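J.: Starting from the given sequences, assemble the full structure and let the hints guide the process.
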Amino acid sequence: MTFTEPPRPVPPPSPEAIGPGLTLLRPQTRKGVGPGLIVLVDDFAAGVDIRNGVPSPLMKWAEEGYNVIEVTSKAWDGFLNPIDECVASLSAPGICEDPGKLGLLCYSEALERRLRTHELPRSAIVAAVLYGDAIDTASENARIPFLIHSRKELQNKPELSKSYAYPEQASSRFATPYNEDFSYAAEAISHTRNLTFLKRHMGGPYFDLETIWDEHTYYEFEARSVEHTMNTMVAEPYVNHIPTLTGGIGREALTNFYRDHFVFSNPEGTSLDLISRTVGVDRVVDEFIFKLNHNKVVDWLLPGVPPTFRDLAIPFIAIVNIRGDRLYHEHITWDQATVLRQAGVLPDTLPFGKDAGEEVRLPVAGAEAVAKMRDKNSVASNQMFQYGVQIVSKEAR
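The opening residue of the sequence shown carries number 1 in the UniProt record's numbering; numbering runs sequentially from there.
What the hints contain is simulated information worked out from the structure, not anything from laboratory work.
Just so it is clear, the structure is predicted and the values come from calculations on it, not from any experiment.
Incorrect hints may have been included.
Said to hold, decoys possible - Each computed DSS-like pair below joins lysine-lysine, with the alpha-carbon atoms no more than 30 Å apart: (1) 31 - 199; (2) 376 - 291; (3) 162 - 152; (4) 291 - 372; (5) 291 - 199; (6) 31 - 152; (7) 74 - 101.
Said to hold, decoys possible - Computed Cβ-Cβ distance ranges for the label pairs, DEER-style: (8) 168 - 361: 46 to 54 Å; (9) 357 - 268: 43 to 51 Å; (10) 268 - 371: 18 to 26 Å; (11) 3 - 371: 29 to 37 Å.
Yeah, the Cβ is synthetic: ideal placement off N, Cα and C, and Gly gets one too.
T.: Written as structure tokens, this is what we have:
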């Protein structure tokens, strides 16, 4: 696939104050328009910060393609009912694609208690997400679809609600960044659940995740443009090549990695053969074969290994997280042992045990691993069960 219009650089966020404790941030996507989302957060997590690669809720949801109004505790100092003010602002001409389908997300138990004093305008808010261990499931607001994240299983859930329990978390603030109870992994899981829930009820926003990923790889491997590759990604992305611990965390480090160790380091003729693809609400999972001739140093794949001039065909897995219409991260993994075997730098056997002459045959596949990936019947299964320690004669040593 060829892309003729290069992606534009990521714009800096431009938050708009619309009242005490209320801040609007428009979609941080290339599309630039989207539905409306009201996000209630504790004061310490407010604003458009990105710290150590972790964005504030306001920034993260704008990157997902929403017009986000952030609500903090100060909003109740300026408005009798801040939610009505949010609905009015998001319903103004030129703001939201569909002002009749707004969502609400509350990260704060303290602000959830304040929500109970107001009836949500069901004519505008079509779905809500709550984090907390003391959610009032019997309130009038429970008449709209709710998604609830808590540390324990909820009893007597409203008919239209769904809940998830996170018993291993220290508090319900596990999804709110910049506090000691924040859990990066648990927040990410809950975020994907939120996206699935909100998109279904709000009608989007939906993006062509396959095309976004294909565009990124086009600029990596075909056009070989570091600038355009980075422009397909959010403000602070990262890439993690797990077997060799290579990649880059954050825009500056990742730009340097792409420029100095990846985009121009892959030999001519490098190709990717797709075997399977799974597309979710916010990620693409690819199973593919990475093929190259090792005729130059490829330090992200074989750090420190001089060119062996061997053809390599390697089974890869890529888990690609896409936020809105830009990539957030790539988790890439592969079998490094088969890379070493195919490159000729890993022997078939190694000395084993205390007795001289004992060797163990390494349970490592070479090119047959790729054959098995392409065709399940190409290589018989379970042949390595016969491997073990063998005695090598002095003459054979």
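J.: All hints, please: hold or fail.
T.: Status of each hint after checking the structure:
Taken as a hint, the residue 31 and residue 199 pair is honoured in the structure, with Cα atoms around 16 Å apart against an allowance of 30 Å. For the proposed pair residue 376 and residue 291, the alpha carbon gap of about 19 Å is at most 30 Å, so the pair holds. Distance restraint check for residue 162 and residue 152: the Cα-Cα separation of roughly 13 Å lies within the 30 Å cut-off, and the hinted pair is therefore satisfied. A C-alpha spacing of about 15 Å is found between residue 291 and residue 372, which places the hinted pair at or below 30 Å, so the restraint holds.
Taken as a hint, the residue 291 and residue 199 pair is broken in the structure, with Cα atoms around 37 Å apart against an allowance of 30 Å. Proximity of residue 31 to residue 152 is assessed by CA-CA distance (about 39 Å); at most 30 Å being required, the pair is judged violated. The suggested pairing of residue 74 with residue 101 holds, with an alpha-carbon distance near 26 Å, which does not exceed 30 Å. A hinted range of 46 to 54 Å for the beta carbons of residue 168 and residue 361 is inconsistent with their spacing of about 41 Å.
Against the hinted window of 43 to 51 Å, the Cβ-Cβ separation of residue 357 and residue 268 comes to about 45 Å, which satisfies the hint. The given range of 18 to 26 Å is respected by residue 268 and residue 371, whose C-beta atoms sit roughly 25 Å from each other. Between residue 3 and residue 371 the CB atoms are about 33 Å apart, so this pair conforms to the stated range of 29 to 37 Å.
Checked against the numbered hints given earlier, this structure breaks hints 5, 6 and 8; the rest are met.
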